[in-house]
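Chains A and C, in that order, give the protein sequences.
Counting with this note's numbering, you get residues 989 to 1100 for the letters of the first sequence.
Counting with this note's numbering, you get residues 2 to 117 for the letters of the second sequence.
Check before you lean on any hint, since a few could be wrong.
[To be verified] Pairs of lysine-lysine residues, derived as DSS-like cross-links and limited to a Cα-Cα distance of at most 27 angstroms, are as follows:
no., chain 1, residue 1, chain 2, residue 2
1, C, 74, A, 1045
2, C, 17, A, 1043
3, C, 74, C, 4
4, A, 1045, C, 17
5, A, 1041, A, 991
[Stated by the list, open to error] If you want the footprint, here are the derived chain A segments under chain C, 3+ residues with CB under 8 angstroms:
no., region
6, 1001-1011
7, 1041-1047
8, 1057-1066
Derived by calculation from the structure, the hints in this document are not laboratory data.
Glycine is no exception: its CB is placed at the ideal position from the N, C-alpha and C atoms.
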Amino acid sequence: DVKVTQSSRYLVKRTGEKVFLECVQDMDHENMFWYRQDPGLGLRLIYFSYDVKMKEKGDIPEGYSVSREKKERFSLILESASTNQTSMYLCASSLSTYNEQFFGPGTRLTVL
Amino acid sequence: AQKITQTQPGMFVQEKEAVTLDCTYDTSDQSYGLFWYKQPSSGEMIFLIYQGSYDEQNATEGRYSLNFQKARKSANLVISASQLGDSAMYFCAMRGRSNTGNQFYFGTGTSLTVIP
């Protein structure tokens, strides 16, 4: 079974803090994704990576950056957290862009 | 712009009945893929079914089938013989292209409640 794990289920940070969300997959997938999920808006793609050190912007990359130094790990970075970044963050991975994505359990981030 | 539209925020269905969840998409690409995911109250996203734009047959996976009407740009999910465990949020998603490469779009979801 594909397993996608995220470093925290719940996280509370203060405005202006630097926040790291970590995601690890154990199935040697090429692609990894970061989404945020907000009520009434569905899931919106922040960034995805199709290879180590490679990334592409999604729909809403502003205020976020990512890092993929190893194939199995994809990090989402909030350089200076703001209250409008309070959300559920979902990481996913897939073998290719033609395959289904496997999702982690999510991190509920609250920025105070 | 590419996007996914799910017009039914909430749906109810009687147990053992069939239900159709609507999804329309907007793209100018020839090559794209359509996915459906289920999200129970526990929060995990579960892949259900996939349809490629060049697939001529409608996709089926057990009780799930995808009613793909390319000319109408619709990709409705049909769940047959509904079960109580089908109560969840359902998301339609599309793999498309932008000028920067691949893009992935999700709809706003439909909340399905199965009534005993």
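Coverage claim, chain C over the region 1057-1066 of chain A, checked by counting residues with Cβ within 8 angstroms (three needed): violated (count 0)
Starting from residue 1045 of chain A, check that the Cα of residue 17 of chain C is at most 27 angstroms away, please. Cα-Cα ~43 angstroms, so violated.
When you check the alpha-carbon spacing of residue 1041 of chain A and residue 991 of chain A, does it fall within 27 angstroms? Answer holds: residue 1041 of chain A to residue 991 of chain A is near 21 angstroms, not above 27 angstroms.
How does the region 1041-1047 of chain A fare against chain C when you require at least three residues with a CB closer than 8 angstroms, holds or violated? Held - the region 1041-1047 of chain A has 4 residues with a Cβ nearer than 8 angstroms to chain C, which meets the minimum of three.
Take a quick look at whether residue 74 of chain C and residue 1045 of chain A sit within 27 angstroms of each other, Cα to Cα. Measuring from Cα to Cα gives roughly 26 angstroms; hence the hint holds.
Does residue 17 of chain C pair with residue 1043 of chain A here, judged by a C-alpha cut-off of 27 angstroms? violated, 45 angstroms
With a C-beta cutoff of 8 angstroms, work out whether three or more residues of the region 1001-1011 of chain A approach chain C closely enough for the coverage to hold. Three-residue rule not met by the region 1001-1011 of chain A, so violated; n is 0.
Residue 74 of chain C and residue 4 of chain C: Cα distance at most 27 angstroms? Satisfied, since the Cα-Cα distance of roughly 11 angstroms is no more than 27 angstroms.
In this structure, the hints that do not hold are numbers 2, 4, 6, 8, in rising order.
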